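Colleague: As a plain string of letters, each chain reads:
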Amino acid sequence: GAGVSQTPSNKVTEKGKYVELRCDPISGHTALYWYRQSLGQGPEFLIYFQGTGAADDSGLPNDRFFAVRPEGSVSTLKIQRTERGDSAVYLCASSLAGTSPYEQYFGPGTRLTVT
Amino acid sequence: AQSVTQLDSHVSVSEGTPVLLRCNYSSSYSPSLFWYVQHPNKGLQLLLKYTSAATLVKGINGFEAEFKKSETSFHLTKPSAHMSDAAEYFCVVSDLTGTASKLTFGTGTRLQVTL
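Sequence lines, in order, name chains A and B. Heads up, the first sequence is in this note's numbering, so the first residue is 1 and it goes up one at a time. Heads up, the second sequence is in this note's numbering, so the first residue is 116 and it goes up one at a time.
Okay, chain A solo, but in the shape it has when bound (with noise of 0.2 angstroms):
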């Protein structure tokens, strides 16, 4: 079946623009991750959907990044106002939350490169 799809591959934007990143879970996945990984490093947590709401926003770095999951399904991650360090690769997970021990599909992501 279909694995976890992100869109775009790749990104590059202007210091200061608008991004916006797609995530498309597993059908009938309820959970949603969002992980940022950065050169060099594991993938960092940044948000948890259960359903439509953002069940854990801890790993959100500031208040330009904002997740939104309206129908329960796609997911869409925002950045307002790009700086060169949020340059990384994005991933997104889902997961059929409800039966343990919750393995994470990972999704290619998309790789964010602002210039």
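FYI, nobody ran anything at the bench for these hints, they're computed from the structure. Some clues are possibly wrong.
Keeping only pairs whose Cα atoms sit at most 20 angstroms apart, straight-line, the calculated SDA-like set for lysine to any residue is [unchecked claim]:
hint, chain 1, residue 1, chain 2, residue 2
1, B, K157, A, P61
2, B, K157, A, I26
3, A, K11, A, R84
4, B, K157, A, G3
5, A, K15, A, P61
Beyond 12 angstroms from chain B on every Cβ pair, some chain A residues (computed) [said to hold, decoys possible]:
hint, residue
6, V4
7, K11
8, V19
9, L21
10, R22
11, G42
12, I47
13, R64
14, V74
15, Q80
16, R84
17, D86
18, Q104
Which chain B residues stay away from chain A? Per the calculated CB distances, all over 12 angstroms, these [unchecked claim]:
hint, residue
19, E130
20, G131
21, P133
22, S142
23, K157
24, T170
25, E179
26, T187
27, S195
28, S199
29, A201
All values reported here derive from a predicted model rather than from experimental measurement. Idealized CB from N, CA, C, for every residue including glycine.
We have chain A already, so just place chain B on it with the hints.
Modeller: Only chain B this time, still in chain A's reference frame:
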């Protein structure tokens, strides 16, 4: 708060020889532990998981890991390395079992396999 420490940033082995990738964890609760693999330009893939059942966990592609509470370790091993094993490996901890939870990744170990 939970964390993992991967003791080696880079490991090089010859094809056909054993692989050992070391990981120590810190957790306030009974942890769930995972190993993920990331091949170049591909998404993260789950190798294996420990969730308080058997302490010796077998995963895909001949990998296994042993949970040792007394040593707070979860080292990844494989008896005989193959060229296709060359990739980045991440040790991951999740504190909660029973509900969906964010993952905390180590900094990764790059495995190089030589002829």
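Colleague: Take a quick look at P133(B) and tell me if its Cβ sits farther than 12 angstroms from every Cβ on chain A, holds or violated.
Modeller: The claim stands: P133(B) keeps its Cβ more than 12 angstroms from every Cβ of chain A (closest is about 24 angstroms).
Colleague: Going by Cβ atoms, does Q80(A) stay more than 12 angstroms from chain B at every point?
Modeller: Nearest chain B Cβ is 23 angstroms from Q80(A), so the label holds.
Colleague: Is it correct that the beta-carbon of R22(A) has no partner in chain B closer than or equal to 12 angstroms?
Modeller: Holds, because the least Cβ-Cβ distance between R22(A) and chain B comes to about 16 angstroms, which exceeds 12 angstroms.
Colleague: Are the Cα positions of K15(A) and P61(A) separated by 20 angstroms at most?
Modeller: holds, 17 angstroms
Colleague: Against chain B, does K11(A) hold up as non-interface, every C-beta pair farther apart than 12 angstroms?
Modeller: holds, 16 angstroms
Colleague: Taking the closest pair, is the beta carbon of V74(A) still more than 12 angstroms from chain B?
Modeller: Non-interface label stands for V74(A): nearest chain B Cβ at 18 angstroms, farther than 12 angstroms.
Colleague: Confirm or reject the statement that K157(B) sits farther than 12 angstroms, beta carbon to beta carbon, from all of chain A.
Modeller: The assertion about K157(B) is violated, with a minimum of 7 angstroms to chain A.
Colleague: Is the Cβ of L21(A) farther than 12 angstroms from every Cβ of chain B?
Modeller: Label holds. Min Cβ-Cβ 15 angstroms, cutoff 12 angstroms.
Colleague: Test the statement that Q104(A) is away from the interface with chain B: the closest C-beta pair must be farther apart than 12 angstroms.
Modeller: With a cut-off of 12 angstroms, Q104(A) comes too close to chain B, as the shortest Cβ separation is near 6 angstroms.
Colleague: Just checking, S142(B) versus chain A, shortest CB gap more than 12 angstroms?
Modeller: holds, 14 angstroms
Colleague: With a cut-off of 20 angstroms on the C-alpha distance, tell me whether K157(B) and I26(A) pass.
Modeller: holds, 17 angstroms
Colleague: The output says S199(B) does not contact chain A. Does that hold with a beta carbon cutoff of 12 angstroms?
Modeller: holds, 19 angstroms
Hint compliance for this structure: hints 1, 6, 11, 12, 18, 23 are broken, all remaining hints hold.
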